[in-house]
Amino acid sequence: MSDPEFTPQEQELIERLSNAPHPSLNPAAFEMIRGRMLDAMDNPPLDVNPRMPGRSTPLRLPYLAALAAVLVVGIGMGVLVANLPREIATTTPVVPTGVTIAAPTFTPIVPTQTLQSQVIPSATARPEITNTIPASATVQEVIPSTIPPTDDLPNATATLESVIVVEGPVETITDNIVTIYGIDIALNPDDPLLTLIETGDVLHIEAEYEADLTVIVAVTVTIVDEDVNVNPDTGEVWRDEGNCANPPPPWAPANGWRRRCEGAPGNANPPGQGQGNGQGQGGGNRDGDDDD
Amino acid sequence: MEPLPDERQLIARAGRGDKEAVSTLYEGYAQAIFRYISYRVESDMVAEDLTAEVFLRMVQALPRYQDTGAPFGAWLYRIAAAQVADHHRGKRRVAEPLSDNQASDDTDPFGKTAKQQEQAQLRQALATLPEDYQTLLILRFMQGLPHVEVAAAMGKSDAGIRVMQHRALKALAKALGTDTKARSYLRGDD
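Residue numbers (the working numbering), protein chains in the order written: chain A, 1 to 292; chain B, 1 to 190.
Be aware that one or more of the hints could be misleading.
As a list, the in silico EDC-like pairs of lysine to aspartate or glutamate whose alpha-carbon atoms are at most 20 Å apart [claimed, not checked]: (1) B:156 with B:131; (2) B:19 with A:39; (3) B:115 with B:131; (4) B:156 with B:67; (5) B:115 with A:15; (6) B:19 with A:42; (7) B:156 with A:31; (8) B:174 with A:12; (9) B:115 with A:39; (10) B:19 with A:31; (11) B:174 with A:201; (12) B:174 with B:132; (13) B:174 with B:158; (14) B:174 with A:31; (15) B:174 with B:118; (16) B:115 with B:132; (17) B:115 with B:67; (18) B:156 with B:118.
Computed beta-carbon distance windows for the label pairs [unchecked claim]: (19) B:65 with A:75: 29 to 37 Å; (20) B:116 with A:171: 46 to 54 Å; (21) A:250 with B:90: 51 to 59 Å.
Quick caveat, the hints were computed from the structure, so don't treat them as lab data. Predicted model only: the values in this text are computed from it and were never measured. No residue lacks a Cβ here, since even glycine has one placed at the ideal position from N, Cα and C.
With the hints as constraints, model all of the structure from the sequences given.
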């Protein structure tokens, strides 16, 4: 499968996969499975792996229907209770024994003198108990039960940002615009990586979509598959080309290159005989693999 | 995978209990499903057993099958993936094998050994990857399915599959010990 969306290394692996042995059902097994399948059609119910072997299939439907009915009734009652006026729900259990009723309703509120003075004038439903206990019927006057006006709520949708993550091979590069999967993404024209990116490089780009400009603007750009170091002070870029002919400057970690090429004095080892494996990760601006 | 001729009609007939239609669907998809499963489990014998389960479930579910526009093969692959997952979770009793199978068209013992080794190596490497990666690599590159069909089989978006395939390939290269940089270095590609 030769496809420009893959790097040569990926294509090599893809070729291996596509040429992998294709195991096949032998004729005997093929016919045996067909026979089992057709037999199963003759012998309903076709529950090949019953979860509850002791229960026959016809019983399941009424059982499920009954369960559904119970759920519906339960949910309906829940909704009804939830919609009852608060006044009813709170005044019903009030019994002039005082202590037991008052405790749960006032738990979150410190029973200060101020609270009492607010409660008493508003307790009209049961005037006989307001003199002795701060009845629960009055609590609702203290605790605001209304929903705050929507104007007070933060407008969440207005503050959401459109963040886009694109990862894939670069198809084209035009000035500071790179195209990945047909998506044009603008990089900072001063980004030193621009001088380094080549068609076919796999990039991981986090970007923002600016509706006004109708372009996607890259926020962070990472070359996924290449060992690239960028000097954060000068913007100078060094790229590991996979051989020893291009030594890194002193500021570049270039771990892979150094492990591979500095193992022997003067690069005396010919390729393939060094001790390193060439897999070292560059430091600096690389964020490492993303093998989730 | 190309749909079978008159596939929709076949599916409708199969859903009504037409054995000939069921049999035709089975003939069209059995080998592909077996190939997919055989790279996801430890042996061809287990793959045969799971393939049988997939088609038994197909027969069960066909009366309720609804054509959503996704390829029928994708639906079968989803059943197969679920069966494989069940198998690996150990919730499933391993039934007695149907046969002692190997590819029967291979008469060259040396070639057969090499193929078996390659298959075993790929199986082993794939088994170390996340389930999604395994399914993607098998369907996309071994079975040669297009992105859209792989996406339908995996319940993901086309774009998601395009991104995931690079990661899956990279993970497989590591699992196979064929990291590309190391290999090019060892080959002397400098």
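Take the C-alpha atoms of residue 156 of chain B and residue 118 of chain B, compute the straight-line distance between them, and say whether it is at most 20 Å. 30 Å, violated
Taking 20 Å as the top limit, are the C-alpha atoms of residue 174 of chain B and residue 118 of chain B close enough? Holds. Residue 174 of chain B to residue 118 of chain B sits at ~16 Å (cutoff 20 Å).
Check whether the Cα positions of residue 156 of chain B and residue 131 of chain B lie no farther apart than 20 Å. Holds, at about 14 Å.
Decide if the proposed pair is consistent with the structure: residue 115 of chain B and residue 15 of chain A, CA atoms, cutoff 20 Å inclusive. The hint holds at about 15 Å.
Can you confirm whether the C-alpha distance between residue 19 of chain B and residue 42 of chain A stays at or below 20 Å? Holds, because 10 Å separates the two Cα atoms, which is no more than 20 Å.
Assuming the hint says 46 to 54 Å, is it satisfied by the Cβ distance from residue 116 of chain B to residue 171 of chain A or not? 40 Å, violated
Checking one constraint from the list: CA of residue 19 of chain B to CA of residue 39 of chain A, max 20 Å. Satisfied? It holds: about 10 Å lies between the C-alpha atoms, which stays within 20 Å.
Mind checking the alpha carbons of residue 174 of chain B and residue 158 of chain B for me, to see if they're no more than 20 Å apart? Roughly 25 Å separates the two Cα atoms, so the pair is violated.
Compare the distance between the alpha carbons of residue 174 of chain B and residue 12 of chain A with 20 Å, and conclude whether the hinted pair is satisfied. 14 Å, holds
Hint check: residue 19 of chain B vs residue 31 of chain A, CA-CA at most 20 Å. Holds or violated? Since the Cα atoms of residue 19 of chain B and residue 31 of chain A sit roughly 14 Å apart, the hinted pair holds (cutoff 20 Å).
For residue 115 of chain B and residue 131 of chain B, compute the direct alpha-carbon distance and say whether it is at most 20 Å. Given pair residue 115 of chain B, residue 131 of chain B is violated - Cα atoms ~24 Å apart, limit 20 Å.
Is the Cα-Cα distance between residue 156 of chain B and residue 31 of chain A 20 Å or less? 34 Å, violated
Going down the numbered hints, you'll see the structure goes against 3, 7, 9, 13, 14, 16, 17, 18, 20, while the others check out.
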